[in-house]
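Undergrad: Listed below, chain by chain, are the residues.
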Amino acid sequence: MRIKTTVNGQPHEVDDVWEGESLLYVLRERMGLPGSKNACEQGECGSCTVYLDGVTACACLIAGGQAEGCDIVTVEGLASEEALHPVQQAFIEAGAVQCGFCTPGLLVQTHDLLERTERPSDPEIREALAGNLCRCTGYEKILDAVRLAANRQPERPAGSAP
Amino acid sequence: MTTPTKTSPRTPTGAPRQLENEDKGGIGTNPQRPDATLKVTGEFAYSSDLWMDDMLWGVTLRSPHPFARIRAVNIGEALATPGVFAVLTADDVPGKNVYGLELSDQPVLARDIVRYQGEAIALVAADHPEIARQAAKRIRVDYEVWEPVTDAREALGHPTWNRLHDDNAEDVELSRSAAPIHPKGNLVRHLKIRKGDPDAEADVVVEGTYSVGMQDQAFLGPESGLAVPDGQGGIDLYVATQWLHVDQRQMCTALGLAPEQVRLTLSGVGGAFGGREDLSMHVHGSMLALHTGKPVKMVYNREESFFGHVHRHPCEMRYEHGASADGKLVFVNCDIYFDGGAYASSTPAVVGNGGTMGIGPYVVPNVRIDAYGVYTNNPPCGAMRGFGSVQTAYAYEAQMDLVAAELGMDPVDFRVLNAMEEGSVTPHGQVIDSAAPVEDLLRRLQAMPLPATRSEDDAVDVRSMPGGVSNTTHGEGVRRGVGYAVTYKNVAFSEGFDDYSTARVQIQAVNGEPVVVVHTAAAEVGQGLVTIEQQICRSELGVDNVIVHPKNTEVGSGGSTSASRQTYMTGGAVKLACEAVRDRVVTLAQEKAGRTWGDLAMVDGVLVSESDGAVMSIAEALGDDIVNETREHHHRPTQEIDPETGQGFAHVQYSFSAHRAVVDVDIDLGLVKVVELACSQDVGRALNPQAVIGQIQGGSTQGMGLALMEEIVIKDGKIRNSSFTDYLIPTILDTPPMPIEMIENADPHAPYGLRGVGEAPTISSGPAVTAAIRQATGLALTRVPVRPEHITGM
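Residue numbers (the working numbering), protein chains in the order written: chain G, 1 to 162; chain S, 1 to 794.
Check each hint, because a few of them may be wrong.
With beta-carbon atoms standing in for the labels, derived distance ranges [as the list claims (entries may be wrong)]:
| id | chain 1 | residue 1 | chain 2 | residue 2 | range |
| --- | --- | --- | --- | --- | --- |
| 1 | G | SER121 | S | ILE626 | 39 to 45 Å |
| 2 | G | GLN10 | S | PRO637 | 56 to 62 Å |
| 3 | G | SER80 | S | PRO637 | 52 to 58 Å |
| 4 | S | GLU22 | G | SER121 | 54 to 60 Å |
Counterexamples of contact, computed for chain S against chain G with all Cβ distances above 10 Å [claimed, not checked]:
| id | residue |
| --- | --- |
| 5 | ALA45 |
| 6 | PRO183 |
| 7 | ALA200 |
| 8 | GLY233 |
Honestly, the hints are just simulated from the structure, not real lab data. It should be emphasised that the depicted structure is a prediction, and the values quoted were computed from it without experimental measurement. Beta carbons are placed, not taken as given, at the ideal position from N, Cα and C, and that holds for glycine.
Based on the sequences and whatever the hints tell you, model everything.
TA: Take a look at the structure:
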């Protein structure tokens, strides 16, 4: 099967995809984008979180064929040519990265949270990131990173939708 | 199709590169990790990200039975599957079909007998992972299924606690032949500690039995690696592991190759926590690669990962504490049974830790400890963070609370009254010869403000309640409890083992600026050793630009990334190599200057003398010379303990931590919300305070996980919950705020005075949580993880 998608703004076309392959496998093994991680491959850990047409999802739970024609953003697409995204920078500064295997999924999910919520409260952060497992940090420094990134966001005019 | 490009014919995409960053910062500061940018951009390559365009995928066929004879293995249909390049069995193991960390007792591929569910039997290599998996299902294995031995005490011929208690353990004939799982019987190790008067009597005596379930390391990066044949009979293995050189030794035996033919490179490691100390795909992938002549990648999925590494030993314990009416401990007697599962792994050392530190950081004149490690047909158990000390802490800390209650004393006061201090003697006869701040750690926790209690008028945020967003209570039936626990844990390897580390440090001038390269084989598993290596070089050599060389077997052993030892051991080796480099740079400077100084130091890129100030730049002193020194760092020697009395100088260093847990318990539903988990820890000296806090918070969370939710459920030798759907680890909603008091009592025996920090918090956090639940509920709760039904009694 042939799949055409847009990933991180670039058109991708891959051939010979077996119908049973997940979007995660297609990204990692066929497109050379291994940034999305394969920690559980059953939708429990969030380490493969990507944007699929603007909505965050576990790439392991999406069949490759389902991504046909979709616009996908992965962790590899968060930074600009010039600089890291503020969420990435905050994770580094706060010490929220240890082994880093959960980091790509957490970055995408945090990016989504801060797009939707300018100054999330701690319970809002915890609820938004509850689907992303981290085994190294105990989450305290992840909370620090999200707060740091949120506080650095310029205030958006009231009513402006992301 | 977009495909990654290869960098050279035999180097995979995703092979580790030099880590380089522009941050400054020596020891005591928090510079940026050299791998941080790669990790937040998705560019950091883990062992599951490796890629070569002609690579095959390897999979493992594992036994569905915990105990069985293999009558026959038929690979014909699997081998005939289109896309399959190889199907290998025990007959194809090129060297000795056996491996193991401490005892070589585990087959690379099972030949006649399988001893646990998940034991590897055959391997398949194919051009797509799904083809390999389908082909593996077509391997026909004919089993004669046997009744598994699944209880550690039964495996030793001791069916009840009463029997044990009634007999003096030394007189008990251990039944080594009862359903023997291995030819020599089911006892892996029996550690005895005998101190003081065995017949001592006390005013107050408290007995308790405790059990701890099997915990999984649950690192997120699955076991994986890429084996690349060199075309001349040798192999290059890129793998996630904790100790490259011990892997190499076992691989050489199994593959029948010399060390120079088995070259390992550390690939990106997605957490470890002990679960990567044993081999996983190392020999299997290499066998497939050598057989097919092609690179072979193996990546376990999460289910296979539960079968592909050892777990934390489940443990059954019986403790008896005696105290005088004025609150001094008189004796402790205990029997500790570690279920090692089907193969030994690190069971002997786990028993060593569990036994020698089995009564906690307290002074007790009369101690009898019998600790056993036992073979069963349960999944093999070995290293996990806390290593034998996590289990016993649940028992001895519960006992301390019970004795305090019996005496009518405050549990913290009772601990303080019996606390170890510098100069105290352990049950195994070792004098604690540096700070042992048990009292200070506990008092600091007590002084920390308690989290606010909810008043009736407050609006309820269900996210802060037991049950969380399941919206099971708005406060009705919820009771608060507070619990304390304290522990100590050995750092580095013990009982006479010389677990040295090696470091090579090189300095040269590049474009007029000094550049340092640090090369060790010590595994970075996420803890931040690469940052520490840079910090030490910056402090010792006065050079900002420090490059971390990829970690591989081209340099001497770095020892294991375990036992909280790498900053101490490899950090110490880097320090020694830097000192040797500094001596040579100073010599070069003095030769160029034509005179000598007694005190030349390297600071901020310049050689400085007290009397003359800046003498010359480091780059000028180096000129075109490249200075390169390699040093080994050995800790002070320890001793084997006496086999009959357990006495001896067994441990290098101790790390102390304490926790205070505050919990809310819904007593109607048995649900627990940890409100706060405060920790105080003596870290000796924090080389990187941010990383130290990260270790304490991460370790505390893993300990809390065992107390509340983490258990591999075994029935009849089979794992019932081999997924993250059914094996739960704490989420960000389960994990509370974790305030920390870090104190620094320098250990005079250690580099920079530091103490290994990674494990102690994993030990004291869980017992504090269970103590808090007991206080809230009034229940005994002698088993962890504490399940809802233990609280509701249903």
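Undergrad: Confirm or reject the claim that GLU22/S and SER121/G have a C-beta distance inside 54 to 60 Å.
TA: 36 Å, violated
Undergrad: Verify that the Cβ of ALA45/S lies farther than 10 Å from every Cβ atom of chain G, and report whether the claim holds or is violated.
TA: Answer for ALA45/S: violated, closest chain G Cβ roughly 7 Å.
Undergrad: Taking the Cβ atom of SER121/G and the Cβ atom of ILE626/S, is their distance within the range 39 to 45 Å?
TA: 55 Å, violated
Undergrad: Taking the shortest Cβ-to-Cβ distance between ALA200/S and chain G, state whether it exceeds 10 Å.
TA: Fine: 41 Å to the nearest Cβ keeps ALA200/S off the interface.
Undergrad: GLY233/S clear of chain G by more than 10 Å, beta carbon to beta carbon?
TA: Holds, because the least Cβ-Cβ distance between GLY233/S and chain G comes to about 29 Å, which exceeds 10 Å.
Undergrad: With 52 to 58 Å as the target window, see if SER80/G and PRO637/S comply at their CB atoms.
TA: 55 Å, holds
Undergrad: For the range 56 to 62 Å, tell me whether the beta carbons of GLN10/G and PRO637/S fit it or not.
TA: At roughly 59 Å between Cβ atoms, PRO637/S and GLN10/G fall inside 56 to 62 Å, so the hint holds.
Undergrad: In terms of Cβ atoms, is chain G entirely out of 10 Å range of PRO183/S?
TA: Non-interface label stands for PRO183/S: nearest chain G Cβ at 38 Å, farther than 10 Å.
The earlier numbered hints that this structure contradicts are 1, 4, 5.
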